[in-house]
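Trainee: Chains as they are written, first to last, in the UniProt record's numbering: chain A, 1 to 314; chain B, 1 to 122.
Careful: at least some of the hints might be erroneous.
The calculated DSBU-like cross-link candidates involving lysine-lysine, where the alpha carbons are at most 30 Å apart (straight line), are [what the hints assert, rightly or not]:
no., chain 1, residue 1, chain 2, residue 2
1, A, Lys128, B, Lys97
2, A, Lys152, A, Lys59
3, A, Lys59, B, Lys97
4, A, Lys175, A, Lys128
Derived DEER-like restraints, expressed as beta-carbon distance ranges [stated by the list, open to error]:
no., chain 1, residue 1, chain 2, residue 2, range
5, A, Thr110, B, Ala3, 43 to 53 Å
6, A, Glu12, B, Pro51, 21 to 31 Å
7, A, Arg253, B, Val93, 18 to 28 Å
8, A, Glu140, B, Gly101, 47 to 57 Å
9, B, Val93, A, Glu140, 17 to 27 Å
Okay, the calculated bits of chain A under chain B, using three or more residues with CB under 8 Å as the criterion [what the hints assert, rightly or not]:
no., stretch
10, 34-47
11, 75-83
12, 90-100
13, 223-235
Please keep in mind that the hints were generated in silico from the structure rather than gathered at the bench.
In this text the structure is predicted, and so the values were computed from the model without any measurement.
For each residue, glycine too, the CB sits at the ideal point set by N, CA and C.
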Amino acid sequence: MADASSGEHEPELPPHLELQRTRVVCAPDAPSYTESVQYSGAYMAYGVDNSLRIEDFCKNLRVEIISMNEEDIEFDIVGIDAAIANAFRRILIAEVPTMAIEKVYIANNTSVIQDEVLAHRLGLLPIKADPRLFDYKSEEENANEKNTIVFKIDVVCTRKGERVLNSSVTSDQMKWLPEGSEMPFNTMTKFTSFGSSQKNLPGLPAEGISCQYPDIIVAKLRPGQAIELEGHAIKGSGNIHAKWSPVATARYRMLPEVNLMEDIQGKLAEELVQKCPTGVFDIEDVGTDSVNCLLQSRRPLWQDQGTARCVASV
Amino acid sequence: MAATMELGSETDPRNATFSISDEDHTLGNSLRFVLNKDPRVAFCGYSVPHPSETRINVRVQTTGVPARDVLKDALNDLMAMNQHVSTTFNRAVETFKANQGVNELSMKSGVTSQHSGSVKKP
């Protein structure tokens, strides 16, 4: 289809090429046009400039938060390519630093949980501390108040008449030691050399540093068993070990768009609305007949993929 | 510390391969995207020579400008784009929080909690 522009306005791509350039089409067998056309000169023959200037990017970018709470956030970004969005996702998973227990000094462990398994579980506990307040610590450096957080667990399981106390060690029994390590007990030099207390660190929350959730079961004990250990937490990022990854997961997807190829009315329209489990479609009354109208807002559930296939078969 | 080596540009500064250490697809793919969008670039691509080694090779061939300048501009553009996304995102968060505050005045207490209690997801 030849471009019939009069030359006064910007040359435009024919509609089928514009579809290829901007949309991933979910065909019945496989999605097509998944590779985004990035090359700046791809459409030179049509006189269309596919390059990206910073000013245009800044003008067209829009961010809209759909939902946000303590644990997760969902937002739309309009005007960004999949390459950049994927880079954000990779950085969220692997390169945002957090604090996690790295070294565990075990003084006493008479439980059935092996030392290394216990240490592994402790490392995976999420610690509620702002990593920006701390420096990275390398192997050779001394542990001081600027690069280490010290936690202590000291739990003995006892029998009190009928009841058993401390039958499970939970993460709220992990106490923060702002003055530094207390081990080894009988020597002057401790495993850490804290110059000052961490209690006065600016930016610290009022209740101090603790595990994010207080009810995570670390170990289970029976009467007579005890666990006494110290965990030293340092700053790291997810690419070294997953315990330092701040997110449970991060994901992105393209915004789905469902186009009805023909008008659907009456009984068929109601059937279609019922068929969709996530409620993407809605009925709009037009005079005597009811016309099927599309709810443009997309759902946050992944089941949405099913709706595109649903329309194609109608 | 990431280091960059430039290869193949002694005779012709327009075409060069940049070998960047301590980087992976995170930088490689986004850099390739920004480079492609630059009209001075004739060809660009990146590869990870071996997955066990954190190194990428970025190939840039330009239409006349030295490849090094194009790469530098692309990196600066990428930084500017990310900075802009960051400020736009922060602004969107502020707007959302402000709207949420307005809505909660007329509804029961909301979901957000500042203490470290466990939040049961439905």
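Trainee: The structure should be examined with respect to each hint, and the outcome stated for every one.
Mentor: Here's how the hints hold up against the structure:
Taking the CA atoms of Lys128(A) and Lys97(B), the gap is about 22 Å. The hint holds against a cut of 30 Å. Of the supplied pair hints, the one linking Lys152(A) and Lys59(A) is violated, its CA atoms being roughly 52 Å apart against a limit of 30 Å. For the hint pairing Lys59(A) with Lys97(B), the CA-to-CA distance comes to about 23 Å; that is within 30 Å, so the pair holds. Note on Lys175(A) and Lys128(A): the hinted pairing holds, with a Cα-Cα distance of about 13 Å set against a maximum of 30 Å.
Between Thr110(A) and Ala3(B) the CB atoms are about 50 Å apart, so this pair conforms to the stated range of 43 to 53 Å. A beta carbon spacing of about 42 Å between Glu12(A) and Pro51(B) contradicts the range 21 to 31 Å that was offered as a hint. Roughly 21 Å separates the CB atoms of Arg253(A) and Val93(B), a value that falls within the hinted 18 to 28 Å. Range check, Glu140(A) to Gly101(B): about 49 Å between beta-carbon atoms, so the 47 to 57 Å window is met.
About 40 Å separates the C-beta atoms of Val93(B) and Glu140(A), a value inconsistent with the hinted range of 17 to 27 Å. For the stretch 34-47 of chain A, the stated coverage by chain B holds: 4 residues have a C-beta nearer than 8 Å to a C-beta of that chain, and at least 3 were required. Check on the stretch 75-83 of chain A: 5 of its residues sit with their Cβ under 8 Å from a Cβ of chain B, so the three-residue criterion for coverage holds. Residues of the stretch 90-100 of chain A lying with their CB closer than 8 Å to a CB of chain B number 4, which satisfies the three-residue condition for coverage.
With 0 residues bearing a CB less than 8 Å from a CB of chain B, the stretch 223-235 of chain A misses the requirement of three and the coverage assertion fails.
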